[in-house]
Amino acid sequence: MSCRLILSLTLLLTLQLGACKDKDGEQRSLLQDAFAKDFPPSLAASTLFIGNDPARPNPELLTYDPRLPLWSDGASKSRFLYLPPGTQIESDEDLSQFKFPIGTLFIKHFTDPQSTLPVETRIMIRRLDAGWSFATYTWAADGTSTRSTRPHEEVVGGLRYRIPSEKECEQCHSRGEEVLGFTAWQLLSGGLLNTLARGNRILPEAAVRAASQEVGVSKAEVKEDRVAFALRYLDVNCGSCHQPQGPSKARDFDLRWGQQTRAGLIASGKMVEGSLENSAIWKRFIAESERMPQLSLRQDPQGLELIKDLIQGEDTSQD
Amino acid sequence: MNAATKKYLLVLGLGIPLLHGCQQSKQVAANAQATATPSDSNASAGGNDAYYTGYDGNTDFSILLPRFRSIVVKDPSIAKIEAVTVTLSATIIDQLVLEAKAANSAFEETRFREKLGKQQTTYRITPLKAGKTVLVTSGGRGGAPGKSQSGFSKSVDIDLIVSPYTIQQQTAGKARYDAEGSGTLTSCKSCHETGEENAPPHELGRIMEISDSEALSWVKTGEIGSRSARIPHAWEFSSDEEESGIVPYLRSKQTHDVETLTKLVVEEQLANGGFMGPPVKK
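Line by line, the protein sequences give chains A and B.
Read in order, the letters of the first sequence are residues 62 to 380 in our numbering.
Read in order, the letters of the second sequence are residues 763 to 1044 in our numbering.
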């Protein structure tokens, strides 16, 4: 048996185990090391995907889906969470705040739904002193990935996709809410929080268990209250900018959940009850330029339906 | 005398078109000296005040300078100088009066018309090739002892730095400026040509006061040294060509017309709540 073959088998075994020990005997993960200091120029050696195949995520990754995803021009999205060995997410009793351990990775992989070709992979990691760092990787037809340095568009499966820059990632994932969508409302029905609690990876575990019983609402049940769901949609898709700490153009119009009601939208003049054509919010969703949600290249059919309901429907949201 | 009155008198006394950047130029120059790096190849090296422009053999990069009794270009092969004497047209003055009245009903129309109606002489500096030279000036318009009203000492050497640009940079810079992009690729013109966010028009030409690297830093981060933009800038580019071209294009956008510059300066003052004139005397 040649040395090269032995080395290859050893590497394969290590990859499959996904972890090794450092010189102090502490358990370390290859994934942890791949992004610990900086983002690599490609994902090939990161062990994020087995065989660099996005369809085969590293088994150390936890898969999850939020109840209401951000509109991403119709791309299919796979989401993964990685927690370094022996670490836990800390939360408060009502699960409104989460503190992630150093080395936490959030990965979102985008696929063109028609061709099933990969579009991009976004990664955010919590580093020691620097807070969260961000990177985006695009995929070529030959299956190789490259770290993207500039905001740009890619055409995949005949459709255009807007690839954000790292600066753009940082602009949305900021203001004390770096991990967008990691909320009890978004995650309880998908089971991630319960999975974390069962694995003793989130504290306090009791809060998760209690919340999962109290808030464990199915997607179908939530969607029955269309107005409330529309307000949730605005929170998810618009609330990271439209809030008091947001960009100057957006900060006067707070669209975060709990800060906005249908009546409030009407009072603000952004929405005229029963009239799509006179509602500024509707116009922004169908506009050819500077369309909302920001960075979108295509209109969001679900978003349009929800905004329509919001403009035409009755107010059943929580005031 | 309140701040608005001081600004009013200062601007009128200076001959509006030429003074638009002078208050800032000292501050920016000081910041530039504090932040200039060895790689900033076109930064002023002599510790003088400096003006920056460019040359690509095709684009008009001329700049309009504050009034001195005389300005001599030390190396006439780098730039030529010409005096431009202008009396504002009645149409423009009437328009500005209307705008000023709308901003402040206590506005002193007679004095305003008197000041703006005077003939003004401005110096236009037109680059002839890339390089560095010195503008030897003298006879600033009085003001505080040792200072002209433009903020410069009465006789001062001002570096003129002409950067080498290409026509391709102009094209790429214009593409970025006009691009219908989103996020950090939002077009520059969406604010600077609409007045949104109170963004000043680039025709004002303030970029002449900062080096290329400072200007690019301003575009990308909204910061030059300790100075920060009121509205944060965090713009990016689709390509290296766009990034290389934005500063040359911005330099080319400054107006070369004294009358237009006068109008822009007054309008900016009005938009910022200044230039409304002293309160009506009772």
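Calculated from the structure, these hints are not laboratory results.
All values reported here derive from a predicted model rather than from experimental measurement.
Even for Gly, the Cβ is constructed at its ideal location relative to N, Cα and C.
Please note that a few of the clues may not be correct.
Stated by the list, open to error - A few chain B residues that don't get close to chain A, going by computed Cβ distances all over 10 Å:
#1 947
#2 1000
#3 1030
Claimed, not checked - Listed next, the in silico BS3-like pairs over lysine-lysine satisfying Cα-Cα at most 30 Å (straight line):
#4 310(A) x 842(B)
#5 228(A) x 1015(B)
#6 880(B) x 863(B)
#7 936(B) x 310(A)
#8 951(B) x 331(A)
Tested hints:
no.: 1; hint: 947; in the structure: 5 Å, violated
no.: 2; hint: 1000; in the structure: 6 Å, violated
no.: 3; hint: 1030; in the structure: 18 Å, holds
no.: 4; hint: 310(A) x 842(B); in the structure: 43 Å, violated
no.: 5; hint: 228(A) x 1015(B); in the structure: 27 Å, holds
no.: 6; hint: 880(B) x 863(B); in the structure: 20 Å, holds
no.: 7; hint: 936(B) x 310(A); in the structure: 24 Å, holds
no.: 8; hint: 951(B) x 331(A); in the structure: 25 Å, holds
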